[in-house]
Amino acid sequence: MKNIVGLIVNPVAGMGGSVGLKGTDGEIHKRALELGAKPVTPTRTKVCLSCIESKDDIAFFVAPGKMGEEYVKALGVPFTVIGTVGGETSAEDTKRIAQAMVDDGVELLIFVGGDGTARDIYDAVGSKVPVVAVPSGVKIFSSVFAVSARAAAEMVDAFVEGTDVTEEQVLDIDEDAFREDRLASRLYGYLLVPNVRSFLQPGKAASSVSVSSIESKKEIAAYIVEEIDHETLYLLGPGTTLEAIADEMGLPKTLLGIDAVFGGVLVGTDLNEKGILNLLKRYEKRKIIVTPIGGNGFIFGRGSKQFTPEVIGQVGRENIMVVGTRDKVGRLDCLRVDTGDFELDKILCGYMEVTVGYREGMMVKVRC
Amino acid sequence: MLKEPIKLNMNEVPYPPPQEVIEAARKGLAKLNCYADPRDLGRLRGLLASYSGVLEEHVVPSPGSDILLREVIHTFSKDRKVIVVSPSFFPTVQAAKQFATKLITLRLSPPEFDLDLDLLMDELQGPCLVIVDNPNNPTGRILLDRQAVEAILESTDTLLVVDEAYYEFSGVTFSDMVHDHPNLAVTRTMDKAFSLAGARIGYIIAGEAFRDAFSSFYAFLPQPSLYAAIEALNNSGYMGRNVRRVIEERERVWSALNGSGVRVCPSSTNFLLVRTGIPDIVRRFRDIGVLITDISNQLPPGFVRVSIGTRKENDAFIAGYIKIREACD
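In order, the protein sequence lines correspond to chains A and B.
Note that my numbering has the first sequence beginning at 8, numbered continuously upward.
Note that my numbering has the second sequence beginning at 12, numbered continuously upward.
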């Protein structure tokens with residue numbers, strides 16, 4: 008007896024990332040297209056599906072066209088299309104098709120998208136069936152998501168082998184606030200997922216605002232600024248630790264975006280991939296400074312998609328500096344990367360030194 | 012009157028020292044008007060050397076091993092990179108942070124918490140001071156074996172300090188290596204296995220490179236502590252028996268928790284590291300009168316450290332865990 012597994016892909020998820028739009032909720036994906044964004048879900052979906060080893064034990068129920076059908080067709084496995092869609096897809100399509108799949112007896116639902124897609128799936132299926140969430144959005148802060156498309160495939164295999172399920176959080180990140188440089192989130196609900204802890208990403212932990220945390224950030228900032236080379240371009244990633252570094256330099260910082268500094272002067276603010284690549288052409292020596300997302304440890308692939316594989320590849324692993332308070336880094340299992348380019352992810356794996364205080368580094372394993 | 016809580020938060024051994032040791036401490040109390048007699052300090056030093064199987068000249072006693080670790084870091088970190096592991100014995104990390112001009116922490120990642128020796132060897136560039144607690148607190152893991160210690164000690168201009176606070180529970184020691192390796196020091200304590208936490212007796216077994224620094228280190232020990240420690244070393248049979256009881260209990264608690272689906276790390280100490288999804292678990296245990304240690308400042312959420320108590324105390328912990336978990340389901 009085959010397991011009935013559903014597949015729904017949000018075709019516009021993640022498109023805002025490289026162009027610095029911080030999401031594609033509502034009509035924003037059209038703006039992303041205008042700015043030259045390319046779809047990212049095809050790669051993620053193909054990687055996930057191709058890595059599922061239990062394909063022969065699965066009967067796929069898929070959403071039509073680019074919402075699922077075309078990927079499964081390429082796999083050469085039998086499938087059934089559920090529902091219909093018009094030219095442009097929407098959140099309503101996701102909800103309607105997910106509901107239909109549940110009605111048709113789907114036992115596990117794979118979806119590809121970000122936090123917004125997770126909320127749509129939650130609205131449609133609640134805790135009726137377990138899901139496997141393939142990360143492909145700009146904002147992927149909910150703990151329901153697998154750490155990567157490959158990990159998602161292993162979760163599907165685990166489900167087919169009979170592993171139990173557990174509840175994980177779906178967060179509601181206010182995209183308008185996010186775009187205005189504020190991170191506002193609330194718990195939206197829980198989805199059931201195969202209970203394979205090592206494949207699931209921990210949810211985003213709130214930034215600490217304790218006195219010791221503020222002092223730690225100042226300590227890190229003082230050290231970084233003391234060590235700064237004025238002949239090097241610094242690309243400062245998002246987060247309050249990077250804000251502290253900019254503050255130490257006497258510069259403003261886009262809290263949730265990427266800014267560039269050269270010779271103590273701001274040479275780019277809230278940059279998208281194109282803006283960063285333009286700067287990289289002009290400056291020979293360059294470094295990226297990033298901080299891991301509290302709770303899940305991602306340094307690339309979540310929240311800062313402007314650091315695309317192209318950008319990271321040009322800068323080089325040896326020029327990536329990671330900073331984070333001792334408390335935040337201490338609470339992580341490891342650092343994580345999910346750039347969308349698995350070969351690059353493998354290069355980034357291994358140990359990296361994280362500056363956690365004044366002249367204080369912590370060697371932490373990077374996993375993908 | 013309030014009931015005394017069950018203390019499973021300080022890695023103490025739950026059995027008090029035998030009557031002879033208490034009597035010896037009492038004799039020390041009668042001399043509280045005087046500083047310790049250097050001859051008594053010399054006797055303690057000789058007994059510690061004999062117990063550790065090293066020459067007396069290598070041994071320096073102190074009121075607590077944390078003071079010795081702090082002294083080592085203070086003395087040797089000025090022109091050396093200090094390398095510690097994380098998580099680790101908190102006073103070591105604090106002292107390293109306070110004194111080191113350059114501090115590198117090697118993160119031990121769950122679930123295995125292994126020390127990556129290749130990574131450590133890569134870090135040994137230039138003058139270094141490496142401090143490793145073996146077994147590690149709070150994971151309970153053995154991080155170093157003899158081969159690894161040899162490799163570290165062969166690195167140019169590297170000093171290695173191994174904190175063996177839980178040596179009696181692990182049975183793993185490198186103290187004998189100080190004779191041939193001037194750049195090795197081992198710190199130990201009588202707080203744990205000898206049931207003398209209240210007396211605070213620590214000691215360092217120092218290789219030649221450390222001994223100069225400690226030649227001027229002279230700590231007066233409190234008279235009751237000194238007398239108790241001498242008696243404990245003269246009649247150490249109780250220590251071996253208590254260690255065996257603790258290990259048996261540790262394995263029993265480990266099996267009981269593991270059997271009921273709780274993730275517990277294997278341990279070579281008198282405590283267990285438990286990973287749990289129960290929120291606010293330390294407070295929940297405190298509410299039922301059991302004290303355990305929150306490790307959330309050093310590890311991902313959900314890790315707590317539980318000392319091994321008496322059978323009755325351990326049963327209370329296991330029953331409490333099951334009750335709390337059921338209430339959260």
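Bear in mind the hints are in silico, worked out from the structure with no lab data behind them.
Think of the CB as a built atom: it goes at the ideal place given N, C-alpha and C, for glycine as much as any other residue.
Hints are not guaranteed to be accurate.
[Claimed, not checked] Derived DEER-like restraints, expressed as beta-carbon distance ranges:
#1 Ala220/B / Glu317/A: 47 to 57 angstroms
#2 Glu165/B / Ser205/A: 28 to 38 angstroms
#3 Lys38/B / Ser205/A: 51 to 61 angstroms
[Said to hold, decoys possible] Dumping the calculated EDC-like pairs for lysine to aspartate or glutamate here, alpha-carbon to alpha-carbon at most 20 angstroms:
#4 Lys113/B / Asp334/A
#5 Lys9/A / Glu95/A
#6 Lys113/B / Asp63/A
#7 Lys353/A / Asp129/B
Here is how each hint holds up against the structure:
| no. | hint | result |
| --- | --- | --- |
| 1 | Ala220/B / Glu317/A: 47 to 57 angstroms | holds (51 angstroms) |
| 2 | Glu165/B / Ser205/A: 28 to 38 angstroms | holds (36 angstroms) |
| 3 | Lys38/B / Ser205/A: 51 to 61 angstroms | holds (57 angstroms) |
| 4 | Lys113/B / Asp334/A | holds (19 angstroms) |
| 5 | Lys9/A / Glu95/A | violated (32 angstroms) |
| 6 | Lys113/B / Asp63/A | violated (55 angstroms) |
| 7 | Lys353/A / Asp129/B | holds (19 angstroms) |
Hints 5 and 6 from the list above are not met by this structure, while the remaining hints are.
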